[in-house]
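Asker: This is what each chain is made of:
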Amino acid sequence: MSPGVLKWETAWLTEGPSSKVLLRRGSLEAPHLGIGKRLRGYLASFDERLRNFDESRLLLLDLETTGLCGGTGTIPFLAGILVPDGARSRWQLTQYFLVTPAGEKQFLEALAPLLAGASAIVSFNGKRFDWPVLLSRYVLNKMCPPVDDPPHIDLLYPARRLWSKALQSVALQNLEERVLGFRRRFDIPSALVPSYYQMFLASRQLGVMYPVFAHNVQDIFSMLLLAMRLSESFDGEYACLSELELAGLARACKRAGMDAERLDCLRNLVERNVFEILPYVELAKYCEHKAKDYATAISLVKRALRLAPGNVELQKRLHRLQRKSESWARGASHNNH
Amino acid sequence: MALDPSLLSRFKIDSRLRSNITYWHVTPPRVASYADFPENIHPDLIKALKGRGITQLYSHQAVAIDSVAKGENVVITTPTASGKTLCYNLPVLDAILKDRSTRALYLFPTKALAQDQLDELLSLTGALDPPVRVYAYDGDTPQDIRKMVRTNGNIVLTNPDMLHTGILPHHTKWIKLFQSLRFVVIDELHQYRGVFGSHAANVFRRLRRIARFYGSEPQFIMCSATISNPSELAEAMSGKKATVISESGAPSGERHFVFYNPPLVDRELGIRRSCLLEAKNIASVLGRGGAKTIVFARSRLTTELLLTYIKESLEKGVLPDITVRGYRGGYLPRERREIERGLRDGSVKVVVATNALELGIDIGDMDAAVMAGYPGTIASTWQQAGRAGRSCSPSVAFLVASSSPLDQYVVTHPDYFFGKNPENALVNPNNPYIMWDHVKCAAFELPFEKGERFEDVDVSPALTHLAEQGILHEAEGRYYWMAESFPAESISLRSASSENFVVIDITEASSPRVIGEVDRASAPLLIHDDAIYIHEAQQYHIEKLDWQEKKAYARRVNVDYYTDANLAVDLRVIHLNETNVHPTYQAAWGGVSIVARATIFKKIRLHTHENIGYGTITLPEEQLHTDAFWFALDPAIEKSMAPTSLQSGLQAVANLVANAAPLFVMCDPKDIGVAPQLKSPFSGAPTVFVYETYPGGTGLSQKLYQLHESVLSAAYNMAKNCECLAGCPSCVGPAEEVGVEGKKAAIAILEALTGK
Ligand SMILES: [Zn+2]
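Residue numbers (this note's numbering), protein chains in the order written: chain W, 569 to 905; chain Y, 641 to 1396.
Since the hints were made in silico from the structure, they are not lab data. Because the structure is a prediction, the values reported are computed rather than measured. Ideal Cβ positions, reconstructed from N, Cα and C, are used throughout, including at glycine. It cannot be assumed that every hint is accurate.
Stated by the list, open to error - Calculated cross-link-like contacts (lysine-lysine; reagent style DSS-like; alpha-carbon spacing at most 30 Å):
| id | chain 1 | residue 1 | chain 2 | residue 2 |
| --- | --- | --- | --- | --- |
| 1 | W | K710 | Y | K787 |
| 2 | W | K673 | Y | K787 |
| 3 | Y | K1279 | W | K673 |
| 4 | W | K822 | Y | K652 |
| 5 | Y | K880 | W | K588 |
| 6 | Y | K1310 | W | K710 |
Stated by the list, open to error - Examples of chain Y residues toward chain W, derived with CB under 8 Å:
| id | residue |
| --- | --- |
| 7 | G806 |
| 8 | P809 |
| 9 | Q819 |
| 10 | F823 |
| 11 | F1084 |
| 12 | E1108 |
| 13 | G1110 |
| 14 | V1209 |
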């Protein structure tokens, strides 16, 4: 599934910077992300540079490699790169393909200016896999890495916050099916990608590789769709989110120390009368300790107790709140006299 | 409190104890030989050392530091507790203080040892400012600090396994370390032998290859227990000649070393009184006499047994203040620290330990060490004995022999033990099975150039082969790793203990329990279907051997027979490496192919030894390509003997040689097998083959060939000096196995071979 209309300049890969690196370019008609304040705030809690990065210089990156274990024997042979293309609602997609491992230097040279010029890298699980693998290739080829530690938005982490409670797995394909709402057709499983490259090296038939090129394009498109969806979830109307997503968002905000946003989520959940007691309790804690609004706290705990009758923790909390509330009332009346 | 001299004289006066003492060795006290700190050592380091009470060096430390300064690879073989660690810590810290980018990698054979050394090193570096960054890096290192260790650690303490799977395949993450790697320290070098050592030698080849890639050529500083071939082993590990420093300048108190052989209880069968009970008696005498005593047992189980015995003997209220504690591998760190503290402050008097304590753990000075059974090598015997008398006061060590051939040889041949150490720690880095595994790992780490050698080995055939299989891809004169797998992950440096078979007691159907382990090679002989397996004097009937699952199911029984299985070994010589002709025999070593199959077993009545039945064994045959050492007898010897006595004599000689080999090559008895051939197809004469049980061999055969005169002579002494009548497990093997003629014939053959 594509986030917009994709037009290739040429259908086939053509010679790139050297005969050992092929490439093809296409342009994609699709809106830009417009990452809002909340998502930026969340990302900034991991890397402060992500609060104010220049979105027009984003770079979405996805590598296909000869193995999935990492280590210095893992060679990336295909890099898919998507960058915003000046004008609005357009992106530029480029795929770089390593025709022979002997051309790795040229491959890395071609990627270097793009990586160096990016304001932030966007990936899916790239923090643990794609980026270290790529960095290690520069070292191995005795080249200076174009950038050592760029701001990196790994969509896996916010996706995990939002959806891991609802889904068994937050693998990209599962997110596509359960969150983005589509199923890939005519795609090869990621695990088979290395063997396609082995077949290519043995046969030198470029045609062998097209399923992999298509797979890589789909990965990048899914990353773009996922980024759009995350941006909407963090900064859009809460009403559009499911209860589980809202709860996930509250967790994400809690982790990032975004209290105001977190309370918004919790209030929204409480308004929806969810069956989960956590939002009531969390909100009651806030009312008790921060806002000192004992009456609201008591009513929240009572609502939670209706969902979980006999919960000892809740009962203790209720008694404590009632005591506090009484002594506060006494203190207040005392002062009045 | 020091060792009371009157306590020692009790052993000389008490006639029962005295009669079992085969040798009493006294090493006079030795005064320290000191040297000043070299002039150019960084003043901060000297200050820190003085803060730790080190105001000058022992002479060997100064020599080591001097050799390191000259850029030499060094191996230090001075005794336990002579301050070996300073020989590497001082030059390394000095280099770091002078150039903060300097890195060093310390290797210890186990995680626990690295942890102990980390503590020691930290106590020294704590006084340095700015601090030298020292970290342990192993499987337990938390993920969130690994990056910091990689980029900041001046000294990284790890083990060869971690280097193999965690560091080398990810070397680009360790660029800072490899770019400035000045020193590689290998402590406990003598433990790098056999399969593990052969693997490790290749891991170090890979390490040097990666270091060269980043432009560094590290210097190796190694420490070893005393062995016969430190320079050979050091060269195998470090890739070049190493200077050996063996002359210790550390002081030591007067040392008594007592060999104790428990009395024979059955002369015919060569059975002696239990060495555990004898060790208990000795430890009790020492403990009552106020000596801080450490008792070593050889296994976990015997540690617990001895502990119980000694506790009973010492804590029975007579002298209530003698506290006895156990100390072995499985104890928690907290318990261990508590015991160590007790030993230091004197509240614990007697400790019973497995070899967990053999290695450098701080327990303070002990007065006496008692070894229940020979620890297997001279090197570890000295390490265990060295736990007593680390200071300048007198100390005593008792070696209590078991009935095993090795133990019996050692206690009856003190020259072997106290002379120049004849033990060789051997490796075979070029074992094809092992080396090809590491060529794969190396190819994963960094593409091989066409024509590139793996140190001195031409690996082009292997590279071509791997390229044909699609594991490597050749392009423009380089071989790129192209398989999806991560080769280091599936290659273990230690011979897999998963190869062992477990024996499960199913007598109580509701609670089956594992009672023992049997190595793969012995499994067809000991735990085949219907075998009688004996464990701690209890007979078990093997109901079923599950070969695939490596499990044998046993039921407790009480029968009047034992079983004896026959292993048909078909050995063929594949190639001859070296040979030489002696007046009465021809010795050689080379590659052999072996097909072994357990065929039948006999049921033999206890005591009378009559044959009361047979059974067949149906198990798959085992194939093995390995190295062997052999000797073929001159026809004159053959002619001088009756055919039957020649046959049993050959078997007996083979058994003796197998028993004697570990005296010279440090190996486990199960690492070698023997195959006597009455008329060998290869030599055409009666020939005894001694083969290695590890595929491809680990260097034992070549060394046995080189040392075969000593080995044959030890085998001769073993038989000649054994007190049994016609063979026993301590010499040629029981008479039932080698025949009543066996011992006599073996002595005759060995006399002819050795010219005695
Ligand atoms: Zn004997």
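Asker: Given F823(Y) as an interface hint, is the shortest Cβ-Cβ distance to chain W below 8 Å?
Answerer: Violated - the Cβ of F823(Y) stays beyond 8 Å from chain W, reaching only about 23 Å at its closest.
Asker: Measure nothing beyond the straight line between the CA atoms of K1310(Y) and K710(W); if it is 30 Å or shorter, mark the hint as holding.
Answerer: Violated, at about 48 Å.
Asker: Is the hint on G806(Y) kept, meaning its closest Cβ partner in chain W is under 8 Å away?
Answerer: 10 Å, violated
Asker: Holds or violated: P809(Y) as interface residue toward chain W, Cβ cutoff 8 Å?
Answerer: 4 Å, holds
Asker: Given F1084(Y) as an interface hint, is the shortest Cβ-Cβ distance to chain W below 8 Å?
Answerer: 3 Å, holds
Asker: Holds or violated: is the Cβ of E1108(Y) closer than 8 Å to a Cβ in chain W?
Answerer: Not OK, violated: E1108(Y) not within 8 Å of chain W, min 11 Å.
Asker: Under the criterion of a CB-CB separation shorter than 8 Å, is Q819(Y) in contact with chain W as hinted?
Answerer: 10 Å, violated
Asker: Please work out if K880(Y) and K588(W) have their alpha carbons no farther apart than 30 Å.
Answerer: 41 Å, violated
Asker: Given the hinted pair K822(W) and K652(Y), is their Cα-Cα distance within 30 Å?
Answerer: 78 Å, violated
Asker: Assess, step by step, whether the Cα of K710(W) is no farther than 30 Å from the Cα of K787(Y), and give holds or violated.
Answerer: With a Cα-Cα distance of about 21 Å, the restraint between K710(W) and K787(Y) holds, given a limit of 30 Å.
Asker: For a C-alpha distance cap of 30 Å, please report whether K1279(Y) and K673(W) respect it.
Answerer: 74 Å, violated
Asker: Can the hint on V1209(Y) be confirmed by a CB-to-CB distance to chain W that is less than 8 Å?
Answerer: Where the cut-off is 8 Å and the nearest Cβ of chain W is about 41 Å from V1209(Y), the hint is violated.
Of the numbered hints listed earlier, those contradicted by the structure are 3, 4, 5, 6, 7, 9, 10, 12 and 14.
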